[in-house]
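Asker: Chains as they are written, first to last, in this note's numbering: chain A, 1 to 190; chain B, 191 to 310.
Just so you know, the hints here were simulated from the structure itself, not pulled from any lab data. Keep in mind that a hint or two might mislead.
Derived SDA-like pairs (lysine to any residue); straight-line CA-CA distance at most 20 Å [said to hold, decoys possible]:
id, chain 1, residue 1, chain 2, residue 2
1, A, K8, B, K229
2, A, K79, B, A267
3, A, K79, A, V150
4, B, K229, A, Q189
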Amino acid sequence: MPAHAGDKVLFGFWVYLMSDVVLFASLFATHAVLQGQTFGAPSIAELANLPFVLWETLILLTSSFTVGLTVYFAAKKRKVQTFLALAATLALGAAFLSMELYEFAHLVKEGHGPWANASYSAFFTLVGTHGLHVFLGTVWGMLLVVQLMVWEAHATVARRLMCFSLFWHFLDVIWIFIFTFVYLFGALQV
Amino acid sequence: MSTLQNYSIGFLLSIAFTLAAFWLVWQHVQGAALFSAEKLVVLLVGLAVAQLYVQLICFLHLGAEKQRPRWSLIIFAFAAVVVVVLVGGTIWIMYHLDRGHTDLSEIYPSGTVSPQTQDD
Chain A
1 MPAHAGDKVL
11 FGFWVYLMSD
21 VVLFASLFAT
31 HAVLQGQTFG
41 APSIAELANL
51 PFVLWETLIL
61 LTSSFTVGLT
71 VYFAAKKRKV
81 QTFLALAATL
91 ALGAAFLSME
101 LYEFAHLVKE
111 GHGPWANASY
121 SAFFTLVGTH
131 GLHVFLGTVW
141 GMLLVVQLMV
151 WEAHATVARR
161 LMCFSLFWHF
171 LDVIWIFIFT
181 FVYLFGALQV
Chain B
191 MSTLQNYSIG
201 FLLSIAFTLA
211 AFWLVWQHVQ
221 GAALFSAEKL
231 VVLLVGLAVA
241 QLYVQLICFL
251 HLGAEKQRPR
261 WSLIIFAFAA
271 VVVVVLVGGT
281 IWIMYHLDRG
291 HTDLSEIYPS
301 GTVSPQTQDD
């Protein structure tokens, strides 16, 4: 949310984020429709490891908390704490990505890749697109770490960190719906 | 309420909702079902919406703009309308098509067989 009245950049970024929400909505709709179309194969939810997904969820959630801390410390101009909070966010993001990559690699190795049937295609597209967002966000975050360390233009870096935090929070919000509607619903065979 | 308290409460509530959702499903899957699958679906949606709300307020500070009108809130509300129409509408239409509630000839008057194509 715009921290300063009239901050057009933050508002523009927020509008972009809302368009990204609509993108994910279309992927969710597609997944909902194609869920049962496994051509006889087990559903992804049947193949998934719930405790593993729970850890992914808690890791991403914690990173959403630490990015909040990042913005909090940036507003207070505490450079070291900002750096630490941002580093923690990125480390957790990387951990989430590793877990997800492992999950995908395992599914593909067992022959349950996105090309196997419509349901798997929808799953990999939805969860994969979210993962791609997390990856790009992590790259962006690393660039911000560099800017934080070498640059003195505090207001600009703080505003970019604010945009980054909005992006990161939004990714966790999307994940709430992924773990609920893809994994948990799937486990109930809804 | 300070920003730090806001983030902390949001974080703790989100953890609680997440653990509750996973625990309920885990119970069900292990056979020790506390609720029927139908009730569980409602509960899970409720928990997801609750966590969404908590994260929107505590993390994204939705509605906290000082200036009026609250443009970011307005844009969010519009996006929400689009999402409801898109997801709800898609599921509604596809469900009806799947169940045969819609006579395909109403949508495809010429029939559903693909026209013969010439080989190049």
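Asker: Each hint: holds or not?
Answerer: Evaluation of the provided hints:
In summary, the hint linking K8/A to K229/B is not supported, as the alpha carbons are separated by about 44 Å, beyond the 20 Å threshold. Annotation: proposed proximity of K79/A to A267/B is violated, straight-line Cα distance about 35 Å (limit 20 Å). A hinted pair counts as satisfied when its Cα atoms are at most 20 Å apart, and K79/A with V150/A qualifies at roughly 11 Å. Of the supplied pair hints, the one linking K229/B and Q189/A holds, its CA atoms being roughly 14 Å apart against a limit of 20 Å.
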